[in-house]
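Residue strings, one per chain:
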Amino acid sequence: MLSQVYSHLDELTAVALFGIGFTLLLLDKNLMKKIIGFSMMDSGIYLFLASYGYIESRLAPIYAEDVSESSAYVNPLPAGLVLTGIVVGVSVTAVMLGLTIRLYERYHSLDIDEIAEKIRREGK
Amino acid sequence: MNRKKRDAFAPFLNWLENGGNALDAEMQDALREHDPKEALPEKTKKAKKKAVPAQKDKAREERARKAYADSWWYRLLAVVTAVTLIWLLMEAVLQMPKFGAADTLIDSELTEFYVEHTKEETGAMNIVTGIILDYRGFDTLGESHVLFIAVCTVLLMLSIYGERDEESRLKRWEEERHYEPEHDVILQSAARLLTPLILIFGLYIIVNGHLSPGGGFSGGAVLGAGLILYQNAFGYEKIERFFTYKTFRWVSVCSLLFYSLAKGYHFFTGANHLDSHIPIGTPGNILSGGLLLPLNFVVGCVVACTMYALFTMFRKGEF
Chain F
18 MLSQVYSHLD ELTAVALFGI GFTLLLLDKN LMKKIIGFSM MDSGIYLFLA SYGYIESRLA
78 PIYAEDVSES SAYVNPLPAG LVLTGIVVGV SVTAVMLGLT IRLYERYHSL DIDEIAEKIR
138 REGK
Chain X
47 MNRKKRDAFA PFLNWLENGG NALDAEMQDA LREHDPKEAL PEKTKKAKKK AVPAQKDKAR
107 EERARKAYAD SWWYRLLAVV TAVTLIWLLM EAVLQMPKFG AADTLIDSEL TEFYVEHTKE
167 ETGAMNIVTG IILDYRGFDT LGESHVLFIA VCTVLLMLSI YGERDEESRL KRWEEERHYE
227 PEHDVILQSA ARLLTPLILI FGLYIIVNGH LSPGGGFSGG AVLGAGLILY QNAFGYEKIE
287 RFFTYKTFRW VSVCSLLFYS LAKGYHFFTG ANHLDSHIPI GTPGNILSGG LLLPLNFVVG
347 CVVACTMYAL FTMFRKGEF
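Protein chains in written order, with the working numbering: chain F, 18 to 141; chain X, 47 to 365.
In isolation and in its complexed conformation, chain F is listed as follows:
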């Protein structure tokens, strides 16, 4: 069991990151902390994907001289996918932060229950 855990350390770290982010998202009422949790979930997924591209004792995916067999390099595909993910993650975080700023300006609070309460009261 322990050796199994040791050989999967990267993936387990990724899952732990994902779990911490998910728990924050569920249990914290503060909008900023929800955004932080969301970003942590993102990072967990990136770490997971990136760690699956790695293969021991192989070269980075940049051509060395006269080596062009596919068995000589690590997998370049996850790197490309993670790049896409990071960029989209940055954009989504920016939009979420902008929305939070607007909500705070209007309702003077970051607590999601309070904001919902105020919106309900406004509706009357």
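Please keep in mind that the hints were generated in silico from the structure rather than gathered at the bench.
Just so you know, these numbers come straight off a predicted model, no measurement behind them.
Yeah, the Cβ is synthetic: ideal placement off N, Cα and C, and Gly gets one too.
You can take every hint at face value.
Label-pair distances were calculated between CB atoms; the ranges are:
id : chain 1 : residue 1 : chain 2 : residue 2 : range
1  : F       : S60       : X       : W119      : 26 to 32 Å
2  : F       : E139      : X       : P259      : 48 to 54 Å
3  : X       : W119      : F       : T30       : 28 to 34 Å
4  : F       : E139      : X       : G281      : 38 to 44 Å
5  : X       : V129      : F       : V112      : 29 to 35 Å
6  : X       : K292      : F       : E139      : 35 to 41 Å
Given the structure of chain F, go ahead and fit chain X onto it with the hints provided.
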């Protein structure tokens, strides 16, 4: 014994039952101060005493509605869900092949094709750059547009002056000016030394994107960081000599247009088996790789502009 146990769990139980209401009470006080409805003068309050029963009902209703998110079973359910999810994921991960083992994903045909053909077909030494800017070029085009659209959305959201009028905007602007470091010697001399180096390093990463680790996205992020450092040290007046909203607009739009046209041309000729007349050159030279170098540069420009624009907007509230 039993009591000790209970003491040890007391914070958790308290949190489970009350949902950490200590902070909430404070928040509610602050809320009441802000709320014009509850801060009515005494006279009107007395006049409203007749309507007390109805208000009580309302209060009960409110409590019932609020209890949903605060209730202990919601919290218990959330904890159980989170723990179950983590446990399931960990079990799944332990079943997967070992970290760094040779049989992970390298056997897939796609990877083999990319590694064996990238050099001849795209002229890139960096396989990842070859993939994201040539084989999956449209995907990267979409990414750049996502960045640009995110900036536009934030700009729109922050520049709708809902309750803000011109006066409060000016006041806010003055406050912002107040926090700007004017003669911060340490920051300014560090920035004077570091900014050119950071900008040159960013350009180096972008221009060498098809030869070495890096590319448009990472280099653009470094460039953006350099701009942000410069702005922090010297203020808006200095940076607006060469980088204003207009610059941001022109650079972003021109870059995205160039990317779209170049990639569209490339795909059009490639899909119809026409000669695109774009030389690939000798892989390994700096001027090689066909469209890779200009595309990397263009992506770098978009990312740098986006980073700086997001920073400015979140700090100033406008661009």
